[in-house]
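Listed here are the chains, written in short residue letters.
There are 2 protein chains.
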Amino acid sequence: MEAAYEPFRICRTGNRYWSQTVSETVNKQIRLASRPTGWVTADNFSATEEPVRKPGAGEVLVRNIFMSVDPYMRGRMNDVRSYIPPFQVGEVLQAGVVGKVVESRFDGLKEGDLVTGMLGWENYSVSDGRLLRQIPSSSVPLSYHLGILGMPGMTAYVGLMKIAEAKKGDNVFVTAASGAVGSVVGQLAKIHGCRVAGSAGSDEKVALLMDQFGYDAAFNYKTRKSLPESVQTACPKGVDVLFENVGGEIFEAVLWNMRDYGRIALCGMITDYNIEDPQPGPRGMMLMIGRRLTMRGFIVTDHPKWCDEYVRKAIGWLKEGKLNYRESIAEGIENAPQAFIDLLKGRNVGKQIVQLSDVD
Amino acid sequence: MEAAYEPFRICRTGNRYWSQTVSETVNKQIRLASRPTGWVTADNFSATEEPVRKPGAGEVLVRNIFMSVDPYMRGRMNDVRSYIPPFQVGEVLQAGVVGKVVESRFDGLKEGDLVTGMLGWENYSVSDGRLLRQIPSSSVPLSYHLGILGMPGMTAYVGLMKIAEAKKGDNVFVTAASGAVGSVVGQLAKIHGCRVAGSAGSDEKVALLMDQFGYDAAFNYKTRKSLPESVQTACPKGVDVLFENVGGEIFEAVLWNMRDYGRIALCGMITDYNIEDPQPGPRGMMLMIGRRLTMRGFIVTDHPKWCDEYVRKAIGWLKEGKLNYRESIAEGIENAPQAFIDLLKGRNVGKQIVQLSDVD
Numbered sequence: 004m005e006a007a008y009e010p011f012r013i014c015r016t017g018n019r020y021w022s023q024t025v026s027e028t029v030n031k032q033i034r035l036a037s038r039p040t041g042w043v044t045a046d047n048f049s050a051t052e053e054p055v056r057k058p059g060a061g062e063v064l065v066r067n068i069f070m071s072v073d074p075y076m077r078g079r080m081n082d083v084r085s086y087i088p089p090f091q092v093g094e095v096l097q098a099g100v101v102g103k104v105v106e107s108r109f110d111g112l113k114e115g116d117l118v119t120g121m122l123g124w125e126n127y128s129v130s131d132g133r134l135l136r137q138i139p140s141s142s143v144p145l146s147y148h149l150g151i152l153g154m155p156g157m158t159a160y161v162g163l164m165k166i167a168e169a170k171k172g173d174n175v176f177v178t179a180a181s182g183a184v185g186s187v188v189g190q191l192a193k194i195h196g197c198r199v200a201g202s203a204g205s206d207e208k209v210a211l212l213m214d215q216f217g218y219d220a221a222f223n224y225k226t227r228k229s230l231p232e233s234v235q236t237a238c239p240k241g242v243d244v245l246f247e248n249v250g251g252e253i254f255e256a257v258l259w260n261m262r263d264y265g266r267i268a269l270c271g272m273i274t275d276y277n278i279e280d281p282q283p284g285p286r287g288m289m290l291m292i293g294r295r296l297t298m299r300g301f302i303v304t305d306h307p308k309w310c311d312e313y314v315r316k317a318i319g320w321l322k323e324g325k326l327n328y329r330e331s332i333a334e335g336i337e338n339a340p341q342a343f344i345d346l347l348k349g350r351n352v353g354k355q356i357v358q359l360s361d362v363d
Numbered sequence: 004m005e006a007a008y009e010p011f012r013i014c015r016t017g018n019r020y021w022s023q024t025v026s027e028t029v030n031k032q033i034r035l036a037s038r039p040t041g042w043v044t045a046d047n048f049s050a051t052e053e054p055v056r057k058p059g060a061g062e063v064l065v066r067n068i069f070m071s072v073d074p075y076m077r078g079r080m081n082d083v084r085s086y087i088p089p090f091q092v093g094e095v096l097q098a099g100v101v102g103k104v105v106e107s108r109f110d111g112l113k114e115g116d117l118v119t120g121m122l123g124w125e126n127y128s129v130s131d132g133r134l135l136r137q138i139p140s141s142s143v144p145l146s147y148h149l150g151i152l153g154m155p156g157m158t159a160y161v162g163l164m165k166i167a168e169a170k171k172g173d174n175v176f177v178t179a180a181s182g183a184v185g186s187v188v189g190q191l192a193k194i195h196g197c198r199v200a201g202s203a204g205s206d207e208k209v210a211l212l213m214d215q216f217g218y219d220a221a222f223n224y225k226t227r228k229s230l231p232e233s234v235q236t237a238c239p240k241g242v243d244v245l246f247e248n249v250g251g252e253i254f255e256a257v258l259w260n261m262r263d264y265g266r267i268a269l270c271g272m273i274t275d276y277n278i279e280d281p282q283p284g285p286r287g288m289m290l291m292i293g294r295r296l297t298m299r300g301f302i303v304t305d306h307p308k309w310c311d312e313y314v315r316k317a318i319g320w321l322k323e324g325k326l327n328y329r330e331s332i333a334e335g336i337e338n339a340p341q342a343f344i345d346l347l348k349g350r351n352v353g354k355q356i357v358q359l360s361d362v363d
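Protein chains in written order, with our numbering: chain S, 4 to 363; chain Y, 4 to 363.
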């Protein structure tokens, strides 16, 4: 393309001016304007426009269709060392995105392919092709690939079925059971013939576990006096598989209730995210020997084959109505900050998504 | 056998009288006379004699040839709840024994078979046949089956090779490295092409690790200021496999030095044996997720096939001089208490054994 012969217009981003051919499309973006203190407000964001960048060798230009807003993003807005690097002031924010390939200079992808990856709060993103995952076309809504068919769902499947090797008849316990991951763990456990119990941090969430996600037992860990006794009541036969998202006291309480040959999948330990001041592990780890327990930390992206296996199976379970999933969809990149603010205030029902462009 | 027609004599045990045919053999036994306070003394033991009991259905009569005295027995002399039940006052003490089958009413064993199991401090024991393990005859001393070819050696092999899946090139760390188990772990690690480092509780033990057991690096954990730094110095590339015998601070220090995809075999946690007051686990267990660590408790008796595999292989390694092993042998059941007392005072060199009868 020889730009000099095409009609163009002058655009402005902040103090920077740039030319755009008329055939080009403007890329609307949301950047971190300032770090929030306490609640996030609209002032913490700025909207900018830029020309859509051409992909370089090995890169792919993606038209973003859906993006995910998630609670963990609040942590990334702080300038503290954590398990993922913080967002930078002035930069386009990042999010899990589903989109369609517009132009590819990466061998494994071609125009029209549907992909997902960690891209920007923007209408178009350019990415290293290796960081994108192609998603199959199916009759399941595309946005599901950011939730139940995306990282949270895959994490649930890999942790439960592969890391903890859950099998029919197992007694499964899930901490943070109503979360994006935990709610899928519970449903997958039921699909595979397990009994499943879990803990969550409010009575509303406990009700959700019992009514929506098929849990056999659940309790609010914030209002219980004795966590070990609560686990014992919820799992009278003990726990074969623990899917651990929390750490701290509830982790210890479940550990003490583990059955012989039990397996623990360590998915998250939110009580220990501040690695500057690591917390003690559970007391009584000696019983890991007597009860022959296995504890295994994992990161879902290490297991791409199992993720693909999950997505194929989960599309089937969704169609059969065996997986329950809800989402709220906001419209337009300009509404992403408000969707995120509402999410943090707990105003969403189910997974919060922002739609950035039409699917087709 | 019709006893009424055989010559007999009257014998006495305490206040009890019994008849013995002249063809019968007296069974000399050592019982716990009283619980020791502090150091064990000869007064804590009593010697008795009884007729050799006939095996019932499913039982086996064994002539005991070698028995093992071990430090853990001191703990069993106290009347406290622990990971194994205490010895009872007035009862025959228990020990690991190698012996020869005299009479078998158990299908899997016949007269003349060599067996090992947890039997009594006595010349003859009757045991449920299922609790005995047959041992192969070889040119290796029979007593080795109570040490390097017995539980400690099998524990080292199962933990290192099967539970922690050590492989060539791995950096292995062993706590309590000079112990009965740890000293074998180090040698097995070297045989399998690993680099091996360990910690022990005295400079003498550290010297033993370097000079006798082929360790590449070792330190005295009692005299080091910073354990994490000591581990880092001993294992500059980090630790792929931890064989954990101790728990507590040294466990935490090694955990912090684990490499991605590291494996931890939990064999013992001596700092946590008092289960009435369980100690906190290591701080920073969050890194088990980021580094994808696996931690697995095990009990060697769960893995009989691997134990058999080990004994076969270890006999070969002993003959080739690849495994280094030393033992001291006391003579006669009446000397077992003194051998045990000397062991507790540290007077033994290598594994302490008591010989109870001739091999053939």
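No lab work stands behind these hints, which were simulated from the structure alone. Using N, Cα and C, we set each Cβ at its ideal position, and we do this for glycine too. Incorrect hints may have been included.
Stated by the list, open to error - Computed list of lysine-lysine pairs in DSSO-like fashion (alpha-carbon distance at most 27 Å, straight line):
hint: 1; chain 1: Y; residue 1: LYS113; chain 2: Y; residue 2: LYS240
hint: 2; chain 1: S; residue 1: LYS103; chain 2: S; residue 2: LYS240
hint: 3; chain 1: S; residue 1: LYS308; chain 2: Y; residue 2: LYS170
hint: 4; chain 1: S; residue 1: LYS208; chain 2: S; residue 2: LYS225
hint: 5; chain 1: Y; residue 1: LYS325; chain 2: Y; residue 2: LYS240
hint: 6; chain 1: Y; residue 1: LYS165; chain 2: Y; residue 2: LYS348
hint: 7; chain 1: Y; residue 1: LYS171; chain 2: Y; residue 2: LYS348
hint: 8; chain 1: S; residue 1: LYS113; chain 2: S; residue 2: LYS103
hint: 9; chain 1: S; residue 1: LYS165; chain 2: Y; residue 2: LYS322
hint: 10; chain 1: S; residue 1: LYS308; chain 2: S; residue 2: LYS225
hint: 11; chain 1: S; residue 1: LYS348; chain 2: S; residue 2: LYS165
hint: 12; chain 1: Y; residue 1: LYS308; chain 2: S; residue 2: LYS165
hint: 13; chain 1: Y; residue 1: LYS193; chain 2: Y; residue 2: LYS103
hint: 14; chain 1: S; residue 1: LYS208; chain 2: S; residue 2: LYS193
hint: 15; chain 1: S; residue 1: LYS193; chain 2: S; residue 2: LYS170
hint: 16; chain 1: Y; residue 1: LYS113; chain 2: S; residue 2: LYS165
hint: 17; chain 1: Y; residue 1: LYS240; chain 2: S; residue 2: LYS170
hint: 18; chain 1: S; residue 1: LYS171; chain 2: S; residue 2: LYS225
hint: 19; chain 1: Y; residue 1: LYS322; chain 2: Y; residue 2: LYS348
hint: 20; chain 1: S; residue 1: LYS348; chain 2: S; residue 2: LYS322
hint: 21; chain 1: S; residue 1: LYS225; chain 2: S; residue 2: LYS240
hint: 22; chain 1: Y; residue 1: LYS322; chain 2: Y; residue 2: LYS308
hint: 23; chain 1: Y; residue 1: LYS170; chain 2: S; residue 2: LYS165
hint: 24; chain 1: S; residue 1: LYS308; chain 2: Y; residue 2: LYS228
hint: 25; chain 1: S; residue 1: LYS170; chain 2: Y; residue 2: LYS322
hint: 26; chain 1: Y; residue 1: LYS308; chain 2: Y; residue 2: LYS113
hint: 27; chain 1: Y; residue 1: LYS113; chain 2: S; residue 2: LYS171
As the list claims (entries may be wrong) - Label pairs and their computed distance ranges (CB to CB):
hint: 28; chain 1: Y; residue 1: GLY172; chain 2: S; residue 2: LYS113; range: 39 to 47 Å
hint: 29; chain 1: Y; residue 1: LYS308; chain 2: S; residue 2: GLY115; range: 51 to 59 Å
hint: 30; chain 1: S; residue 1: PRO283; chain 2: Y; residue 2: ASN338; range: 30 to 38 Å
hint: 31; chain 1: S; residue 1: ASP263; chain 2: Y; residue 2: ASN338; range: 33 to 41 Å
hint: 32; chain 1: S; residue 1: GLU168; chain 2: Y; residue 2: HIS195; range: 42 to 50 Å
hint: 33; chain 1: Y; residue 1: MET121; chain 2: S; residue 2: LYS316; range: 45 to 53 Å
hint: 34; chain 1: Y; residue 1: LYS308; chain 2: S; residue 2: LYS316; range: 32 to 40 Å
hint: 35; chain 1: Y; residue 1: GLY41; chain 2: S; residue 2: SER229; range: 47 to 55 Å
hint: 36; chain 1: S; residue 1: GLU168; chain 2: Y; residue 2: GLU312; range: 17 to 25 Å
Quick rundown of the hints versus the structure:
Among the hinted pairs, LYS113 of chain Y with LYS240 of chain Y is inconsistent with the structure: their alpha-carbon atoms are about 52 Å apart, more than 27 Å. With a C-alpha separation of about 49 Å, the suggested pair LYS103 of chain S and LYS240 of chain S falls outside the 27 Å cut-off, and the hint is violated. For the hint linking LYS308 of chain S to LYS170 of chain Y, the alpha-carbon distance of about 25 Å falls within 27 Å, and the restraint holds. Of the supplied pair hints, the one linking LYS208 of chain S and LYS225 of chain S holds, its CA atoms being roughly 12 Å apart against a limit of 27 Å.
Distance hint between LYS325 of chain Y and LYS240 of chain Y is fulfilled; the C-alpha atoms sit about 26 Å from each other, no more than 27 Å. Our distance criterion of 27 Å between C-alpha atoms is broken by LYS165 of chain Y and LYS348 of chain Y, whose separation comes to about 35 Å. For the hint linking LYS171 of chain Y to LYS348 of chain Y, the alpha-carbon distance of about 39 Å lies beyond 27 Å, and the restraint is violated. In summary, the hint linking LYS113 of chain S to LYS103 of chain S is supported, as the alpha carbons are separated by about 10 Å, within the 27 Å threshold.
For the proposed pair LYS165 of chain S and LYS322 of chain Y, the alpha carbon gap of about 42 Å is over 27 Å, so the pair is violated. A C-alpha spacing of about 37 Å is found between LYS308 of chain S and LYS225 of chain S, which places the hinted pair above 27 Å, so the restraint is violated. With a CA separation close to 35 Å, the supplied pair LYS348 of chain S and LYS165 of chain S exceeds the 27 Å bound. Between LYS308 of chain Y and LYS165 of chain S the alpha-carbon distance is near 25 Å, which keeps this suggested pair within the 27 Å criterion.
Of the pairs offered as hints, the one joining LYS193 of chain Y and LYS103 of chain Y is violated, with about 34 Å between alpha carbons and a cut-off of 27 Å exceeded. Distance restraint check for LYS208 of chain S and LYS193 of chain S: the Cα-Cα separation of roughly 18 Å lies within the 27 Å cut-off, and the hinted pair is therefore satisfied. The hinted pair formed by LYS193 of chain S and LYS170 of chain S meets the criterion: a straight-line CA distance of about 10 Å does not exceed 27 Å. A hinted pair counts as satisfied when its Cα atoms are at most 27 Å apart, and LYS113 of chain Y with LYS165 of chain S does not qualify at roughly 45 Å.
Among the hinted pairs, LYS240 of chain Y with LYS170 of chain S is inconsistent with the structure: their alpha-carbon atoms are about 37 Å apart, more than 27 Å. Note on LYS171 of chain S and LYS225 of chain S: the hinted pairing is violated, with a Cα-Cα distance of about 30 Å set against a maximum of 27 Å. This hinted pair does not check out: LYS322 of chain Y and LYS348 of chain Y have alpha carbons roughly 32 Å apart, beyond 27 Å. A hinted pair counts as satisfied when its Cα atoms are at most 27 Å apart, and LYS348 of chain S with LYS322 of chain S does not qualify at roughly 32 Å.
The hinted pair formed by LYS225 of chain S and LYS240 of chain S meets the criterion: a straight-line CA distance of about 23 Å does not exceed 27 Å. Between LYS322 of chain Y and LYS308 of chain Y the CA atoms are separated by roughly 22 Å; this keeps the pair inside 27 Å, and the hint holds. For the hint pairing LYS170 of chain Y with LYS165 of chain S, the CA-to-CA distance comes to about 22 Å; that is within 27 Å, so the pair holds. Between LYS308 of chain S and LYS228 of chain Y the alpha-carbon distance is near 46 Å, which puts this suggested pair outside the 27 Å criterion.
In summary, the hint linking LYS170 of chain S to LYS322 of chain Y is not supported, as the alpha carbons are separated by about 45 Å, beyond the 27 Å threshold. Using a Cα cut-off of 27 Å, the hinted pair LYS308 of chain Y and LYS113 of chain Y holds, with the two alpha carbons roughly 21 Å apart. Of the pairs offered as hints, the one joining LYS113 of chain Y and LYS171 of chain S is violated, with about 42 Å between alpha carbons and a cut-off of 27 Å exceeded. The supplied range of 39 to 47 Å is met by GLY172 of chain Y and LYS113 of chain S, whose beta-carbon atoms lie about 41 Å from each other.
Separation of LYS308 of chain Y from GLY115 of chain S is about 54 Å and conforms to the stated range, judged on CB atoms against 51 to 59 Å. Checked against the hint of 30 to 38 Å, the C-beta distance between PRO283 of chain S and ASN338 of chain Y comes to roughly 47 Å, which is inconsistent with it. The hinted range of 33 to 41 Å is satisfied by ASP263 of chain S and ASN338 of chain Y, whose Cβ atoms lie roughly 40 Å apart. Separation of GLU168 of chain S from HIS195 of chain Y is about 26 Å and departs from the stated range, judged on CB atoms against 42 to 50 Å.
Separation of MET121 of chain Y from LYS316 of chain S is about 48 Å and conforms to the stated range, judged on CB atoms against 45 to 53 Å. Checked against the hint of 32 to 40 Å, the C-beta distance between LYS308 of chain Y and LYS316 of chain S comes to roughly 34 Å, which is consistent with it. A hinted range of 47 to 55 Å for the beta carbons of GLY41 of chain Y and SER229 of chain S is inconsistent with their spacing of about 38 Å. Checking the proposed 17 to 25 Å range against GLU168 of chain S and GLU312 of chain Y shows it holds: the Cβ atoms sit about 24 Å from each other.
Going through the hint list in order, the structure does not satisfy hints 1, 2, 6, 7, 9, 10, 11, 13, 16, 17, 18, 19, 20, 24, 25, 27, 30, 32 and 35.
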